[in-house]
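Residue numbers (this note's numbering), protein chains in the order written: chain H, 1 to 193; chain Y, 1 to 193; chain C, 1 to 193; chain V, 1 to 193.
These are calculated hints, taken from the structure and not from any lab test.
Same chains, same names: a pair is fine if it fits in one copy or spans any two.
For lysine-lysine, the following DSS-like pairs were computed, each having C-alpha atoms within a straight-line distance of at most 27 Å:
1. K147 - K165
2. K138 - K69
3. K2 - K69
These numbers come from a predicted model, not from an experiment.
Protein chains: 4
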Amino acid sequence: MKPTRVEAFSDGVIAILITIMVLEMKVPHGETLDALLPLLPVFLSYVLSFIYVGIYWNNHHHMLHATDKVTGPVLWANLHLLFWLSLIPFTTGWMGENHIASAPAALYGGVLLMCSIAYMILQRLIIASQGEHSVLKKAIGRDWKGKVSSVLYAVAIPAAFLSQKISIALYVFVALMWLVPDKRIERALSDWH
Amino acid sequence: MKPTRVEAFSDGVIAILITIMVLEMKVPHGETLDALLPLLPVFLSYVLSFIYVGIYWNNHHHMLHATDKVTGPVLWANLHLLFWLSLIPFTTGWMGENHIASAPAALYGGVLLMCSIAYMILQRLIIASQGEHSVLKKAIGRDWKGKVSSVLYAVAIPAAFLSQKISIALYVFVALMWLVPDKRIERALSDWH
Amino acid sequence: MKPTRVEAFSDGVIAILITIMVLEMKVPHGETLDALLPLLPVFLSYVLSFIYVGIYWNNHHHMLHATDKVTGPVLWANLHLLFWLSLIPFTTGWMGENHIASAPAALYGGVLLMCSIAYMILQRLIIASQGEHSVLKKAIGRDWKGKVSSVLYAVAIPAAFLSQKISIALYVFVALMWLVPDKRIERALSDWH
Amino acid sequence: MKPTRVEAFSDGVIAILITIMVLEMKVPHGETLDALLPLLPVFLSYVLSFIYVGIYWNNHHHMLHATDKVTGPVLWANLHLLFWLSLIPFTTGWMGENHIASAPAALYGGVLLMCSIAYMILQRLIIASQGEHSVLKKAIGRDWKGKVSSVLYAVAIPAAFLSQKISIALYVFVALMWLVPDKRIERALSDWH
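Between the sequences and the hints, there should be enough to build the whole structure, so can you do that?
In structure tokens:
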């Protein structure tokens with residue numbers, strides 16, 4: 001099986017996920033601008049999740065570009081990743097509708113953590129299938145970004161029950177870490193790690 | 001007509017199906033973790049259906065890879081399969097919302113049975129279109145897995161009215177049978193058959 | 001602009017249309033088989049529309065295969081066709097929820113008529129862009145099927161206010177006419193025409 | 001990263017957007033034609049948005065065809081454009097459900113303005129990545145259409161609070177400006193500009 005097929009299917013699923021999330025933003029009944037106010041947390045949750053799904057789409061493609069063949073386990077690890085990604089619209093909706101309360105903020109982190117773990121499993125299976133001279137292994141290096149992200153999600157989950165602001169700050173920080181391609185920070189963090 | 005076109009369209013439909021299923025998991029109104037509890041059967045139904053649709057996507061592609069040309073009947077047999085697959089989100093939602101009651105569990109099996117039959121019809125039409133030296137015919141052999149699956153679905157439907165646990169156990173068993181690629185079991189069952 | 005691009009986009013839209021139609025079949029609240037009974041007209045409407053969208057997908061592809069370049073007007077004629085096709089889920093839902101009452105059955109025919117007209121406009125623009133030796137012109141011949149379909153839809157619309165059964169019978173007849181590839185009938189009708 | 005991949009993903013998202021907009025047209029409960037009457041503004045909003053998304057799909061492709069490589073900033077600028085496009089179904093639904101009241105008509109223009117700005121940012125980043133002899137730069141010229149559109153949206157937003165008819169007229173005018181490929185008007189406006 002060639003990676004292009006897995007890529008096309010994953011692209012389809014991710015394109016649908018990023019789009020149906022917006023369906024959680026239910027059209028309000030009022031016709032004044034005030035009617036939009038209760039939607040603000042839903043909107044902000046949508047923005048955050050849109051960025052996260054965008055990051056996954058981006059990284060997923062780079063990973064598959066460094067892959068030459070797709071084995072059975074890789075295929076299922078990919079579906080496993082898509083499964084956790086598919087829960088993002090649900091957690092986004094729950095978080096948004098409850099003005100980013102503790103439990104929804106924790107669950108949001110829980111699903112992000114599972115996505116992150118599923119991504120790392122997929123990465124390892126691809127590397128394992130490529131053998132010693134794996135292109136992907138070289139490309140990701142120590143993968144400090146992936147590891148740091150997982151740790152921060154794991155911290156954000158219990159933190160949500162102290163203050164949701166901490167959790168949200170951590171989610172925003174991780175998203176920025178992937179968005180901003182600052183080589184300097186990257187090198188520094190890589191050295192320190 | 002080339003198979004790539006049928007493959008792309010089927011991929012699109014399957015990607016949408018696997019994603020809209022999650023829309024049945026309605027965002028709960030409470031903001032505590034308790035609010036998620038009633039969603040547990042919906043979630044578990046979703047997991048099961050996600051795996052089933054994943055298996056169909058996987059097998060469908062392998063089948064089309066062993067196909068060189070698409071005739072009119074093959075095209076409609078493929079749409080017929082997509083039709084039954086498209087009912088999985090509905091039966092998943094009905095089963096989940098009713099805490100896996102008898103009738104929904106039976107209907108779930110009914111739709112799986114129809115998917116299975118539709119798949120076998122498609123397989124036969126492709127083999128028929130390939131003539132005597134059909135690659136697909138060799139590849140599937142006696143297709144014991146397909147036949148056993150159909151029989152187990154047929155058993156699970158009436159069994160749901162005795163105990164839904166039997167039906168669910170059968171659905172999970174069939175899913176595992178397709179997921180776990182144990183060559184030994186495969187050979188044993190193939191011999192026994 | 002190459003036709004492959006228009007084909008891919010149209011395929012995407014049609015795949016989504018055929019799939020979201022099933023969302024109109026809302027999960028019932030009861031847990032017995034009786035709870036499914038009120039859904040029967042919704043289900044039957046879905047089956048009919050699934051077949052219609054399948055026929056359009058099929059014909060649309062054959063048409064684009066006989067097309068070599070896509071001009072601006074062809075592009076917009078194609079979007080115009082997709083627009084009317086996109087209304088099929090709505091009319092299907094309205095017809096199904098009202099046990100196939102007169103007005104919904106008439107509107108269903110109205111949208112089918114508009115799809116049919118949009119299809120013929122697209123066909124003409126492609127032929128016009130190909131000039132005298134148009135491959136598509138030869139392939140469709142007198143296009144009696146397209147013309148007969150349009151006439152039958154136009155008959156079915158007012159007929160729905162006499163008896164919906166006539167309209168539904170006409171919609172089913174047109175669908176069968178496209179599904180069953182009987183060369184004899186085809187020739188006979190073509191001669192008579 | 002090649003532009004085909006970004007094109008395929010964007011096509012997927014746009015195909016889904018154009019299709020889910022129709023879901024805002026909720027199936028009415030009555031079974032007479034009168035029951036459709038309250039849906040008229042929803043329908044007209046849908047028509048307008050369908051045309052807008054169609055125009056974006058069309059222009060987006062032409063732009064990517066004049067692009068040879070996709071850099072990181074271009075990728076994110078593209079996701080940024082898709083983000084604002086993804087809000088069109090929401091604003092369409094809000095405008096339609098409130099019989100095109102002031103605030104929804106203003107918000108509709110606001111989202112169109114953001115789409116327009118996001119499009120221009122994407123355009124600039126592609127041109128910047130191509131260097132001095134940018135093909136895209138030549139192709140768009142002074143981009144008077146893009147600039148005029150943005151100005152008209154900006155006028156339509158406050159105008160909605162005076163009279164929604166002005167705003168709607170402006171939205172329709174901009175859509176026609178992109179639809180009708182009148183070279184004479186184009187040249188005249190370009191000269192005047």
